[in-house]
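> Sequence:
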Amino acid sequence: MPELPEVETVRSELAPWLPKKKVAAIRILHPRATRRNTGPSLRSAKNPIIGGEINSVNRRGKFIWLTFDRPYALIIHLGMSGQVLLPKSPAALSPHLRARIEFTNGKRELHFIDQRTFGYLALEELVEDPFASAEFDGQIPRSITHIAPDLLEVLNGKVLARSHKELNAMIRSRKSEIKRVLLNQEVVSGVGNIYADEGLWSAKIHPETRAHHLTEREVDRLLNALATIMARAIEAGGTSIDEQYKRVNGESGYFDVELDAYGRDGEPCSRCGTLIQRLRFMNRSSHLCPKCQKKG
DNA sequence: TCGAGTGTTATCCC
DNA sequence: GGGGATAACACTCG
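Residues 1 to 296 (this note's numbering) are what the first sequence spells out, left to right.
Worth flagging that the hints you see were computed from the coordinates, not collected in a lab.
For every residue, glycine included, the Cβ atom is placed at its ideal position computed from N, Cα and C.
Don't take each hint at face value.
[Stated by the list, open to error] No farther apart than 30 Å at their CA atoms in a straight line, the calculated lysine-lysine pairs in the DSBU-like style are these:
{"id": "1", "residue 1": "Lys-22", "residue 2": "Lys-46"}
{"id": "2", "residue 1": "Lys-88", "residue 2": "Lys-46"}
{"id": "3", "residue 1": "Lys-46", "residue 2": "Lys-165"}
{"id": "4", "residue 1": "Lys-20", "residue 2": "Lys-88"}
{"id": "5", "residue 1": "Lys-294", "residue 2": "Lys-165"}
{"id": "6", "residue 1": "Lys-46", "residue 2": "Lys-20"}
{"id": "7", "residue 1": "Lys-204", "residue 2": "Lys-294"}
{"id": "8", "residue 1": "Lys-22", "residue 2": "Lys-88"}
{"id": "9", "residue 1": "Lys-175", "residue 2": "Lys-204"}
{"id": "10", "residue 1": "Lys-107", "residue 2": "Lys-46"}
{"id": "11", "residue 1": "Lys-291", "residue 2": "Lys-204"}
{"id": "12", "residue 1": "Lys-46", "residue 2": "Lys-21"}
{"id": "13", "residue 1": "Lys-165", "residue 2": "Lys-175"}
{"id": "14", "residue 1": "Lys-88", "residue 2": "Lys-158"}
{"id": "15", "residue 1": "Lys-204", "residue 2": "Lys-158"}
{"id": "16", "residue 1": "Lys-22", "residue 2": "Lys-107"}
{"id": "17", "residue 1": "Lys-88", "residue 2": "Lys-107"}
{"id": "18", "residue 1": "Lys-175", "residue 2": "Lys-291"}
{"id": "19", "residue 1": "Lys-204", "residue 2": "Lys-295"}
{"id": "20", "residue 1": "Lys-295", "residue 2": "Lys-175"}
{"id": "21", "residue 1": "Lys-158", "residue 2": "Lys-175"}
{"id": "22", "residue 1": "Lys-158", "residue 2": "Lys-21"}
[What the hints assert, rightly or not] Label-pair restraints from in silico Cβ distances:
{"id": "23", "residue 1": "Lys-107", "residue 2": "Lys-165", "range": "48 to 54 Å"}
{"id": "24", "residue 1": "Lys-88", "residue 2": "Leu-160", "range": "40 to 46 Å"}
{"id": "25", "residue 1": "Pro-31", "residue 2": "Cys-272", "range": "46 to 52 Å"}
{"id": "26", "residue 1": "Lys-46", "residue 2": "Thr-228", "range": "46 to 52 Å"}
{"id": "27", "residue 1": "Ser-56", "residue 2": "Ser-163", "range": "24 to 30 Å"}
{"id": "28", "residue 1": "Pro-71", "residue 2": "Leu-160", "range": "20 to 26 Å"}
{"id": "29", "residue 1": "Ser-89", "residue 2": "Ala-24", "range": "17 to 23 Å"}
{"id": "30", "residue 1": "Leu-93", "residue 2": "Cys-272", "range": "44 to 50 Å"}
Sequences are here, hints too, so could you generate the full structure?
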């Protein structure tokens, strides 16, 4: 499911449920479900969050993490196909269920489902947030300290260590294509292939334009377009956990937002009517209007 | 049968 | 060392 708006939808759906819940057990059902764990093992029945009470549900970019009444965080990364569900009944277990968390108080379990297993859970120490966000009590999990603040954090002025203007300049200091820069989570996080295409279409910028050839104005237009599209997607993403549970896989419910470029190759551009093109790019696809988005 | 798919990162190379 | 490019991870669907 996962670019920033989809991950934020998951976070916001978990946020009313999880605080005050106490972890009774964590069952890892697939070897890759914890593979990037750099902290204590989640598989151990004595791991430090067993018995812990959840405090908060946080997100930066495409990463979610839970904090506890102890100095560890549980990272949830959805990868390409991950879902988090709180099923009402265990009857319809997904064949792609990779992990489940049981709570001492409350009948519902948390299920982590992931067809392609690019997602994972990880238990991590909390360290000081290098970007000094006004959120998260100044702490983030150790293994995501290299992930840049996400676009909404920057544009809302929540991070002290990176202003909108600094992000703009950082983007324009890069020599590679603008779409590569947008997808680099160490520059700005949360943007993936779909929203990159949508933002570039909206700002009328060709994805292969070298970032250092863009003007400050153009980059501003791009960042504002991305923020607008993502905010709209978050608003549209208000599907409930229960509804998601009825869906077959992580792709369902993902394209509720009206898209102008992504996946629309061969269809007319909604601005000028020229047919949307698809280009091969970084082992994936770029979608663009060849008339609106001239290569710069 | 083959290619393509929403993400991240290890590992090359320059 | 750093930045950049590429491959690899795994599974399903059209």
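> Against the structure, test the hints numbered earlier, and report the numbers of the ones violated in rising order.
Of the numbered hints, 3, 14 do not hold.
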